[in-house]
Amino acid sequence: MFGFIVCLIQAWFMRAFGFVALVFVRIGLYAVTHVLYPRFS
Amino acid sequence: MDSLIAFGSSLAADALPVRRREEGRVRPKSKNNLIAYGILTGVCLIVAFIAAARPELFAHGPPSFRLFLSIRGTAVVALFGLIGILFLNRGRLRGLWDGDLTARQKALMPLVAGIAFGGLDVLLRRVIPIDAAITALAQSQGTERIAPTLAGAILGYVSGAILINIVYFLILIPPVVYLVSDRLLDGQKQAIVFWSIATPLALWEPLTNPPLSFSIEAFGAIDASLSCSDS
Numbered sequence: 000m001f002g003f004i005v006c007l008i009q010a011w012f013m014r015a016f017g018f019v020a021l022v023f024v025r026i027g028l029y030a031v032t033h034v035l036y037p038r039f040s
Numbered sequence: 000m001d002s003l004i005a006f007g008s009s010l011a012a013d014a015l016p017v018r019r020r021e022e023g024r025v026r027p028k029s030k031n032n033l034i035a036y037g038i039l040t041g042v043c044l045i046v047a048f049i050a051a052a053r054p055e056l057f058a059h060g061p062p063s064f065r066l067f068l069s070i071r072g073t074a075v076v077a078l079f080g081l082i083g084i085l086f087l088n089r090g091r092l093r094g095l096w097d098g099d100l101t102a103r104q105k106a107l108m109p110l111v112a113g114i115a116f117g118g119l120d121v122l123l124r125r126v127i128p129i130d131a132a133i134t135a136l137a138q139s140q141g142t143e144r145i146a147p148t149l150a151g152a153i154l155g156y157v158s159g160a161i162l163i164n165i166v167y168f169l170i171l172i173p174p175v176v177y178l179v180s181d182r183l184l185d186g187q188k189q190a191i192v193f194w195s196i197a198t199p200l201a202l203w204e205p206l207t208n209p210p211l212s213f214s215i216e217a218f219g220a221i222d223a224s225l226s227c228s229d230s
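Chains as they are written, first to last, in numbering that gives the first Met the number 0: chain F, 0 to 40; chain A, 0 to 230.
Hints listed in this document are in silico derivations from the structure and should not be mistaken for laboratory results.
It cannot be assumed that every hint is accurate.
Where chain F lies over chain A, by a calculated footprint (3+ residues, C-beta under 8 Å) [what the hints assert, rightly or not]: (1) 49-60; (2) 71-79; (3) 109-116; (4) 147-161; (5) 168-176; (6) 188-200.
For each residue, glycine too, the CB sits at the ideal point set by N, CA and C.
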């Protein structure tokens, strides 16, 4: 469910600001969940 | 009246060569799309080359790194993504990097939104014991713990963020919006058409994340089959 909502937000950014904006949402998400969190948890 | 018609005809005659000149040139939106897409896929290819030269940086990465870090897999996804660019250049949907928007709107705001969602995800993982369940599942399947180096994680996940979104959003959304909204409906109901295709794709992506990965693996299979055909 969380992933679905994030993807919907990404799609909203794509429609409003373009595909690069959509990519930046995912980069921000991965920075926290895949890069920072595994190192500090 | 006749003079008005003559005036209109002369205007049309003047406009025609201008339009022909415009058609012969690359439109600013198309140029921006191509440059932005070149930068995105260029980053992915550079990461793939780094992975080929320094594989130890990416050791203990997730299974998806096999696709994101392969030169051939990256090239295949980048080529498929050109379908989306082609339709973005023709359609009314936002381009990759439109000049009428600020860098804050195109980069900073989305990045902050992503970080905020990441923080929310971490909070949820603290409350719901999903990490323990994933670790138990990985151990039961005999897979190793995912722990790439910091440099490997940064490079691998940036490349992954780009490639995964090309696969799930860029290849399908622009062609559907262009063909249905721009062509069939004369530019009407773009929002309905956009969300009609974006919503199932938004549902598809999380469902195909590991351990339920059966979509992104298909691209891995394309890469594997290309490798086999070479050998």
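Hints, verified against the model:
no.: 1; hint: 49-60; verdict: violated (count 0)
no.: 2; hint: 71-79; verdict: violated (count 0)
no.: 3; hint: 109-116; verdict: holds (count 8)
no.: 4; hint: 147-161; verdict: holds (count 8)
no.: 5; hint: 168-176; verdict: holds (count 3)
no.: 6; hint: 188-200; verdict: holds (count 6)
In this structure, the earlier hints numbered 1, 2 are contradicted, and the remaining ones agree with it.
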